[in-house]
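Student: The lines below spell out each chain.
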Amino acid sequence: MRTIQPSAESTILLLRELVSHLRENRTQLREEWARRITEAQLLTAMTKEEIFAEATSVYDNYVEVLETGSVEALQAYARNLSERIIPRGVETHEVLGIVLLLRDVLARSLFKKYQADFDLLNRVLDAYEPAANRIANTVGVGFVQERERIIRQQQEAIRELSTPVLQVRERLLILPMIGVIDSQRARQLTEQVLRGIRTNRAKVVVMDITGVPAIDSNVANHLVQTVDASRLMGATVIVTGLSPEIAQTLVTIGVDLSKMNTVGDLQGGIEEAERLLGYKVQAEQISG
Amino acid sequence: MKTATEVQVSIRSDTDIVIARQQARSFAAQLGFSGTDLTIIATAVSEMARNIVIYAGNGEITIEAAQDGAQKGICVIARDRGPGISDVARAMEDGYSTVGSLGLGLPGTKRLVDEFHVVSKVGEGTTVTIKKWRR
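Residue numbers (our numbering), protein chains in the order written: chain A, 216 to 503; chain B, 5 to 139.
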């Protein structure tokens, strides 16, 4: 333990020296960095002024991490930066690219400063490299996490949007289903239908699957279960819009759909539902 | 556009099932399949991919063109290194399932396609190969 102590202390001293070097040469190094970003054709979605402004913030954050050893402020900044640049189409490789460029620019300036003393240069790099790598890591991970967060959010939104439960008449619900149904969506759908039946005191649910491109045995199983569970809650489910291709495929696989109440199209389904509920829709006689 | 000679999809989750299904459909369309056959192929691949997710956790699906004399078609291979099937004959029976599903995955897939082979070894994994010829 005792042997490590002085080296840790000298690391702190070296980092302090490093920080003052980076502060003194801030203007020149920052410009060098911005120039190399443009040269490498990174951040092409941003203007020169914007790149310089972000470069300044990243540079100052960078120096701060070297000084304090804490990446918290940088993490917050990286998140904020990602939020701003992701909608503009900045890619992961660009973000990693600019941080690695900064690491290189700063390392070069250290080579230059300490070229006369190889031993000291080595010790300075020993202090600099782990900190620099940690910074590159923080910014890269921050960017990717923000991207993942956005993707998750959009997935949630799509899921929410994809199966609205609509009330057409007293006790009659319609579910227009569109797009690919995986098991998760199928499960969610069952829940939504059952909840819809409860809150709307529905007697008939028309489930339209015209917009569903494929149904395999697992999804069919979920549909059958939804129909069964709805029946337990006192509601009849009418499935409409089964395409000829899907109908043929399901029969070939051997899914038992005899318990399912199916009607060719949505219009027929609604008419059947109205009949079940005792509604009579009549065209008004228009005179004159 | 040049037709890719082979498409591989690694299967780990529900999302991959959807991807495999879509890839199979577009590959089959490129090979000249149409209408009901596209849905049948997509559904068969869906069943195969679903079996991988449920029983093995992960594996891969390979989709390629098939030819036998004058016959042209599509070949799909589903491979996993899962627990394997101890009784293949039993697994091919309708309604037989060890996980409480409909038990239609393998027998249903077999009915959908023209050629169907299962090779499975307990502890080593399962390979299901299907072929569907263009009519």
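Everything labelled a hint here was simulated from the structure, so no lab data went into it. One or more of the hints may lead you astray.
Stretches of chain A that chain B covers, calculated by requiring three or more beta carbons in the stretch to come under 8 Å of a beta carbon on chain B [said to hold, decoys possible]: (1) 389–398; (2) 431–445; (3) 456–470.
Quick caveat, the model's predicted, so the values are computed rather than measured. For each residue, glycine too, the CB sits at the ideal point set by N, CA and C.
Student: All hints are to be evaluated individually against the structure, with a verdict given for each.
Tutor: Status of the hints after comparison with the structure:
Evaluation of the coverage hint for the segment 389–398 of chain A: fulfilled, as 3 residues show C-beta separations to chain B shorter than 8 Å, against a requirement of three. A count of 5 residues in the segment 431–445 of chain A with a Cβ less than 8 Å from any Cβ of chain B is obtained; the coverage claim is therefore met, three being the minimum. Counting residues of the segment 456–470 of chain A whose C-beta sits closer than 8 Å to any C-beta of chain B gives 10, which meets the bar of three, so the coverage hint holds.
In summary, this structure violates none of the numbered hints.
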